[in-house]
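> Work out the full structure, taking the sequences as your base and the hints as a guide.
Here's the letter readout for the chains.
2 protein chains.
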Amino acid sequence: MQLESWKRLEISLVLSALPWLEVYKERVQLEDGRTLDDFYRVALPDFAAVVPITEAGELVMIRTYKHGVGRVSLSSPAGLVNPGESPLLTAQRELLEETGYAASDWRPLGGFTVDGNRQCGKAHFFLARNATRVAFAHNPDRNEVVEVQLISPHNFLRAVEQGDVAMLATVGAVSLAMLALLAENGLRATGFNPETTL
Amino acid sequence: MQLESWKRLEISLVLSALPWLEVYKERVQLEDGRTLDDFYRVALPDFAAVVPITEAGELVMIRTYKHGVGRVSLSSPAGLVNPGESPLLTAQRELLEETGYAASDWRPLGGFTVDGNRQCGKAHFFLARNATRVAFAHNPDRNEVVEVQLISPHNFLRAVEQGDVAMLATVGAVSLAMLALLAENGLRATGFNPETTL
Chain A
1 MQLESWKRLE ISLVLSALPW LEVYKERVQL EDGRTLDDFY RVALPDFAAV VPITEAGELV
61 MIRTYKHGVG RVSLSSPAGL VNPGESPLLT AQRELLEETG YAASDWRPLG GFTVDGNRQC
121 GKAHFFLARN ATRVAFAHNP DRNEVVEVQL ISPHNFLRAV EQGDVAMLAT VGAVSLAMLA
181 LLAENGLRAT GFNPETTL
Chain B
1 MQLESWKRLE ISLVLSALPW LEVYKERVQL EDGRTLDDFY RVALPDFAAV VPITEAGELV
61 MIRTYKHGVG RVSLSSPAGL VNPGESPLLT AQRELLEETG YAASDWRPLG GFTVDGNRQC
121 GKAHFFLARN ATRVAFAHNP DRNEVVEVQL ISPHNFLRAV EQGDVAMLAT VGAVSLAMLA
181 LLAENGLRAT GFNPETTL
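Respectively, the protein sequence lines represent chains A and B. Note that the working numbering has the first sequence beginning at 1, numbered continuously upward. Note that the working numbering has the second sequence beginning at 1, numbered continuously upward.
Quick caveat, the hints were computed from the structure, so don't treat them as lab data. This structure is a prediction, so every number in the text was calculated from the model and none was measured. Each hint should be verified, as a subset may be incorrect.
The list treats identical chains as interchangeable, and a pair is accepted whether it falls inside one copy or across any two copies.
[Unchecked claim] Listed next, the in silico SDA-like pairs over lysine to any residue satisfying Cα-Cα at most 25 Å (straight line):
(1) K66 - P45
(2) K66 - L96
(3) K122 - E4
(4) K25 - R8
(5) K7 - A180
(6) K66 - D38
(7) K66 - R34
(8) K7 - V145
(9) K7 - I62
(10) K122 - E55
(11) K7 - G100
(12) K25 - G70
(13) K7 - G57
(14) K7 - Q92
(15) K122 - D38
(16) K25 - A159
(17) K122 - R63
(18) K122 - R107
(19) K25 - Q119
(20) K25 - E147
(21) K25 - A180
(22) K7 - L89
(23) K66 - S12
Here it is as structure tokens:
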């Protein structure tokens with residue numbers, strides 16, 4: 001059997017709760033010809049998450065309560081992509097709104113489907129270098145209370161170990177950004193030689 | 001205003017599609033006393049994702065079609081946590097089923113809520129060192145066609161850049177595992193000195 005796509009035979013909307021989410025039920029045909037009658041897809045808005053780094057090498061992060069998690073945790077500045085907005089613009093807007101910081105050097109790190117089965121929207125990651133404070137955080141029209149926190153990459157990893165980073169997008173965005181920075185200088189040059197390091 | 005939890009005032013089930021998902025609508029009270037009438041929570045099963053590394057320093061990954069993504073991509077061995085199963089057992093079972101590999105050295109890297117607002121289940125990450133092939137992949141009772149692929153950490157990062165890693169859990173698990181390995185030797189010792197590197 002070859003790696004190929006499933007075929008969608010039928011789709012119906014089973015829950016509409018816009019602008020927050022929609023749920024679809026699909027009838028699909030698998031690679032081997034069998035059909036599944038109830039494959040569910042959860043449509044959520046795309047979002048952008050930023051990994052802002054100051055010239056001194058500190059991550060600009062926030063502490064905020066997220067109801068999906070049920071507690072306060074350390075997270076990347078992030079937010080939903082508005083209709084008609086590019087993910088980069090979202091990232092720049094959210095960085096300013098949530099932290100009062102702006103950055104001069106932006107690099108896209110990729111877009112990733114949140115759940116391989118149910119979909120659940122797409123996460124767009126950005127690295128933002130030379131982040132500097134230019135305003136007060138203001139969070140217009142938000143249900144969020146946000147505290148800004150500067151943290152070193154080393155202490156970010158400690159926070160992950162201690163369970164203080166609760167969200168998948170945060171751990172994914174910051175880890176990928178740190179690796180991308182390491183890779184700029186060559187992973188081998190950093191000692192990350194798979195033959196000897198691992 | 002302080003960082004504190006929202007209060008759940010009411011909850012109702014608006015979609016039940018077990019064992020795949022449930023959707024709840026909550027009425028909640030925010031930090032500032034206001035209430036929201038329609039906060040949606042998507043309950044999905046937890047899953048475990050493994051980052052298996054061979055003694056030669058290669059990542060053991062799979063290529064498979066995921067319908068939530070709509071295409072074939074490179075991913076970590078992963079799967080849903082069965083009722084009564086620990087996430088570690090899930091990770092060990094999935095590694096064997098999807099790749100035919102087993103590993104002698106397991107390290108949990110944390111559990112992360114998939115979506116900070118909608119929840120969407122929890123992802124549990126594991127680093128599995130000394131991975132060796134012990135069997136054929138078999139994938140019992142699965143709707144998946146899977147190809148096993150060994151890839152170096154360097155080429156994994158290239159695959160991310162080229163869009164070949166489509167899922168958030170894969171990029172998160174592998175990036176975090178690589179950083180954790182680097183951190184074992186000290187991030188500074190690897191050249192990852194935030195004052196000079198970034």
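> Since the copies are identical, ignore which copy is meant and state whether K7 and I62 lie within 25 Å (CA to CA) inside a copy, between copies, both or neither.
So K7 and I62 pass the 25 Å test across copies only (21 Å; inside, 42 Å).
> As a check of your reading, is K66 near R34 (CA-CA no more than 25 Å) within one copy, between copies, both or neither?
For K66 and R34, the Cα distance is within 25 Å only across copies (16 Å; inside one copy 40 Å).
> Tell me, please, which holds for K25 and E147 at an alpha-carbon limit of 25 Å: within, between, both or neither?
Cα proximity of K25 and E147: none, with 40 Å in one copy and 28 Å across.
> Give the relationship of K25 and A159 under a CA distance limit of 25 Å: within one copy only, between copies only, both, or neither.
Classified as neither: same-chain Cα gap 39 Å, cross-chain 31 Å, threshold 25 Å.
> Give the relationship of K7 and G57 under a CA distance limit of 25 Å: within one copy only, between copies only, both, or neither.
This pair counts as neither: shortest intra-copy Cα distance 47 Å, inter-copy 37 Å.
> Could you place K7 and G100 in one of the four classes (within, between, both, neither) given a Cα distance threshold of 25 Å?
For K7 and G100, neither the intra-copy (46 Å) nor the inter-copy (28 Å) Cα distance is at most 25 Å.
> Checking an output row: K25 and A180, CA cutoff 25 Å. Within, between, both or neither?
neither (38 Å within a copy, 39 Å between copies)
> I want to check one pair: K66 and S12. Are their C-alpha atoms no more than 25 Å apart within a copy, between two copies, both, or neither?
Between copies only: 20 Å across, 31 Å inside.
> When no copy is specified for K7 and Q92, does a C-alpha distance of 25 Å or less occur within a copy, between copies, both, or neither?
Result: close neither inside a copy nor across copies, 38 Å intra and 31 Å inter.
> At 25 Å max between alpha carbons, let me know whether K66 reaches L96 within a copy, between copies, both or neither.
within (19 Å within a copy, 35 Å between copies)
> If the cut is 25 Å between Cα atoms, do K7 and L89 qualify within a copy, between copies, both or neither?
Intra 34 Å, inter 33 Å, cutoff 25 Å: neither.
> Are the CA atoms of K122 and E4 at most 25 Å apart within a copy, between copies, both, or neither?
within (22 Å within a copy, 28 Å between copies)
Hint violations for this structure: numbers 5, 10, 11, 13, 14, 16, 20, 21 and 22, all remaining hints satisfied.
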